[in-house]
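**Student:** Let the sequences and hints guide you as you build the complete structure.
Line by line, the protein sequences are chains A and B.
If you're matching positions, the first sequence starts at 1 in the UniProt record's numbering and goes up one per residue.
If you're matching positions, the second sequence starts at 1 in the UniProt record's numbering and goes up one per residue.
It is possible that part of the hints are untrue.
To be verified - Think about it this way: if two alpha-carbon atoms lie no more than 30 Å apart in a straight line, the pair counts; the simulated DSS-like pairs of lysine-lysine are:
(1) B/Lys4 x B/Lys39
(2) A/Lys39 x A/Lys114
(3) B/Lys49 x A/Lys39
(4) B/Lys114 x B/Lys49
(5) B/Lys94 x B/Lys4
(6) B/Lys39 x A/Lys49
(7) B/Lys4 x B/Lys114
(8) A/Lys49 x A/Lys94
(9) B/Lys49 x A/Lys49
The hints are simulated quantities; they were obtained by calculation from the structure and are not laboratory data.
Computed from a predicted model, the values in this text were never measured in an experiment.
There are 2 protein chains.
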Amino acid sequence: MAEKRARERLLTAALDLFTEHGVSGTSLQMIADRLGVTKAAVYHQFPAKDEIVLAVIGPPLEQLAPIAEAAQRRRTPSARRNAALTGIIDLVVKNRRIAAALTFDPLVNQLVRKHPAIGVIEQLQDLLTGPDPDDATRVAVSLVSGGLMIAGSDRRLTALDDEALRDHLLVTARRALR
Amino acid sequence: MAEKRARERLLTAALDLFTEHGVSGTSLQMIADRLGVTKAAVYHQFPAKDEIVLAVIGPPLEQLAPIAEAAQRRRTPSARRNAALTGIIDLVVKNRRIAAALTFDPLVNQLVRKHPAIGVIEQLQDLLTGPDPDDATRVAVSLVSGGLMIAGSDRRLTALDDEALRDHLLVTARRALR
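**Tutor:** The structure is reproduced here in structure tokens:
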């Protein structure tokens, strides 16, 4: 139990530092300093920074598969797109801070590309564009899916509660995708 | 002239490395190695990494003021928003690589917040939301302005030429903002 709390404290401190300095700009020593522990204590839990990043992004990434599966079961391309969109927005809103800090970090991108969830991410992109997308649709999906990550973590929107943010994102995204 | 070419080669190498490793993950030594020169040669041109980042983001940031001025001269809030949106999209498309690599980097954000252009950035945000925005509008502007930066540098869209990208972004953004 104490071990689990220590792990969560460490991941929270790491996420704070990732937000402030970027993943590449955060060292294990900085995480140790923030927690007031020795670097050896951090090493004891996570021997490398990559493992800390994976511990932060792993849980939300693992929630993508059930979203894609539920969307795939719908009958029409537009129902599949809508299910994928709703699922992604729910996930982004539940993980506002993580979306903010990590989505556009080059090191995180490298780790995501090697993560088992990468296949699901591509599948969700395809569900959002639908079959045989034209350029206009591909641009719209790119703008919306990128924009969702940003809006989820926009500091001008932090006063907005999760439910309101979710509803407004859904309306805007649907309008943008037609 | 040789000095100017050397400066441009350095900034191109730096932007490549920023894209691959993030700004925080890029050192002056890495830039020197990429160029096949000594670290002293890099220091001679740019004594600190911040100055390299500023040399990359400065020119596009300085183009924001004329966009805001032209938009301010329009009569109605909707004409002002449209002018601001068009100007921002043109700028993003002209700087696809920079938008990609730098927009969401925490170190870059710190430098932008201290840059004289920060006032213009806030003014452009206000032009996009219009007077007395409700939450729905603020979320839509956040999604669109964040999404524009991403789409400008989305590697799935690199085959798209600038003009097509510009037109599709404009149509999607207008639709998302109503």
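**Student:** Take a quick look at whether B/Lys49 and A/Lys49 sit within 30 Å of each other, Cα to Cα.
**Tutor:** holds, 23 Å
**Student:** Check whether the Cα positions of B/Lys49 and A/Lys39 lie no farther apart than 30 Å.
**Tutor:** holds, 27 Å
**Student:** Holds or violated: are the alpha carbons of B/Lys94 and B/Lys4 at most 30 Å from each other?
**Tutor:** holds, 21 Å
**Student:** Take the C-alpha atoms of A/Lys39 and A/Lys114, compute the straight-line distance between them, and say whether it is at most 30 Å.
**Tutor:** holds, 27 Å
**Student:** Quickly compare the C-alpha distance for A/Lys49 and A/Lys94 to 30 Å and report which way the hint goes.
**Tutor:** Status holds; Cα separation ~24 Å.
**Student:** Check whether the Cα positions of B/Lys4 and B/Lys39 lie no farther apart than 30 Å.
**Tutor:** Within the cut-off at roughly 18 Å; holds.
**Student:** Below or equal to 30 Å on CA atoms is what counts here, so check B/Lys39 against A/Lys49.
**Tutor:** holds, 27 Å
**Student:** Next pair to validate is B/Lys114 with B/Lys49; report whether the Cα-Cα distance is within 30 Å.
**Tutor:** Since the Cα atoms of B/Lys114 and B/Lys49 sit roughly 16 Å apart, the hinted pair holds (cutoff 30 Å).
**Student:** When you check the alpha-carbon spacing of B/Lys4 and B/Lys114, does it fall within 30 Å?
**Tutor:** Holds, at about 26 Å.
Consistency note: the structure conflicts with none of the earlier hints.
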